[in-house]
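Engineer: Here is how the chains run, residue by residue.
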Amino acid sequence: DSGVTQTPKHLITATGQRVTLRCSPRSGDLSVYWYQQSLDQGLQFLIQYYNGEERAKGNILERFSAQQFPDLHSELNLSSLELGDSALYFCASSVGTGPIRGRNEQFFGPGTRLTVL
Amino acid sequence: DAKTTQPTSMDCAEGRAANLPCNHSTISGNEYVYWYRQIHSQGPQYIIHGLKNNETNEMASLIITEDRKSSTLILPHATLRDTAVYYCIVRVETGANNLFFGTGTRLTVIP
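Quick mapping for you: the protein sequence lines, in order, are chains Z and S. Heads up, the first sequence stops at 1395 in the numbering used here, and the numbers go up one at a time, no gaps. Heads up, the second sequence stops at 211 in the numbering used here, and the numbers go up one at a time, no gaps.
Some clues are possibly wrong.
Covered stretches of chain S, going by a simulated chain Z footprint (3 or more residues, C-beta under 8 Å) [as the list claims (entries may be wrong)]:
id, stretch
1, 145-153
2, 198-211
Computed beta-carbon distance windows for the label pairs [claimed, not checked]:
id, chain 1, residue 1, chain 2, residue 2, range
3, S, A113, Z, E1353, 43 to 49 Å
4, S, T108, Z, G1306, 36 to 42 Å
5, Z, D1349, S, A113, 43 to 49 Å
6, Z, I1338, S, N154, 34 to 40 Å
7, Z, T1293, S, L151, 42 to 48 Å
8, S, H140, Z, G1362, 19 to 25 Å
9, S, N153, Z, I1290, 46 to 52 Å
Just so you know, the hints here were simulated from the structure itself, not pulled from any lab data. Only a predicted model underlies this, so the values are computations on that prediction, with no experimental measurement involved. The C-beta atom is built at its ideal place from N, Cα and C for all residues, glycine as well.
For reference, chain Z alone in the conformation it holds in the complex:
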């Protein structure tokens, strides 16, 4: 158990819909990361937040957005869903954001499996 929790575990929805995925980081971790893993793309970094502020952006679509709240939990919002958005979505957390040497290991949650029909 990494200490990172994600809800829901599974989500089935239809094209065009909007969903919200939730992540609670490990106690004490200030950074939250979102990754997408689909069969044809592998694990891809989407976005990072550090203490409530966006810190880095990867291959995140404009239809997707995220935020980190004052209690440090994060939500990933996916809208206008398409069949190709079906994937595993992982959240990870770390103590640092990059500048803290030796404290940048990321701990991953169990993921949310999104199926778009």
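With the hints as your guide, set chain S onto chain Z.
Structural biologist: The following block gives chain S in isolation, referenced to the frame of chain Z:
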């Protein structure tokens, strides 16, 4: 971040050492080598990381060549639970902290 090359798949007998190689010939002086693994659709798990010295923890050992162009992750006594995809990632320690996963090595531990 430097690119890495890993074999697509490997087998290892249960109880034997599993040696997983990784080439990172374009690695820069300030880039670390990280290893993660992913057991069948679970979240990736951090294993170990190092800069130039060999490292060991409770999970594995990391051997980095003197020229730092390649490394080997060693699982000293592989068990069936070590069957997973292993990712070698090279990244700057103090830069952006997002991880770039390649295709990794699928390790199968055989009873």
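Engineer: So, for every hint listed, does it hold in this structure?
Structural biologist: Status of the hints after comparison with the structure:
1. 145-153: Result for this restraint: holds, n = 3.
2. 198-211: Holds: 6 residues of the stretch 198-211 of chain S have a Cβ under 8 Å from chain Z.
3. A113(S) / E1353(Z): 43 to 49 Å: At roughly 45 Å between Cβ atoms, E1353(Z) and A113(S) fall inside 43 to 49 Å, so the hint holds.
4. T108(S) / G1306(Z): 36 to 42 Å: This hint holds: roughly 37 Å between Cβ atoms.
5. D1349(Z) / A113(S): 43 to 49 Å: Between D1349(Z) and A113(S), where Cβ atoms are some 48 Å apart, the hint holds.
6. I1338(Z) / N154(S): 34 to 40 Å: Taking Cβ atoms as reference, I1338(Z) and N154(S) lie about 37 Å apart, which means the hint holds.
7. T1293(Z) / L151(S): 42 to 48 Å: Since the Cβ atoms of T1293(Z) and L151(S) sit about 47 Å apart, the hinted range of 42 to 48 Å holds.
8. H140(S) / G1362(Z): 19 to 25 Å: 23 Å, holds
9. N153(S) / I1290(Z): 46 to 52 Å: Given a distance of about 48 Å, which is inside 46 to 52 Å, the answer is holds.
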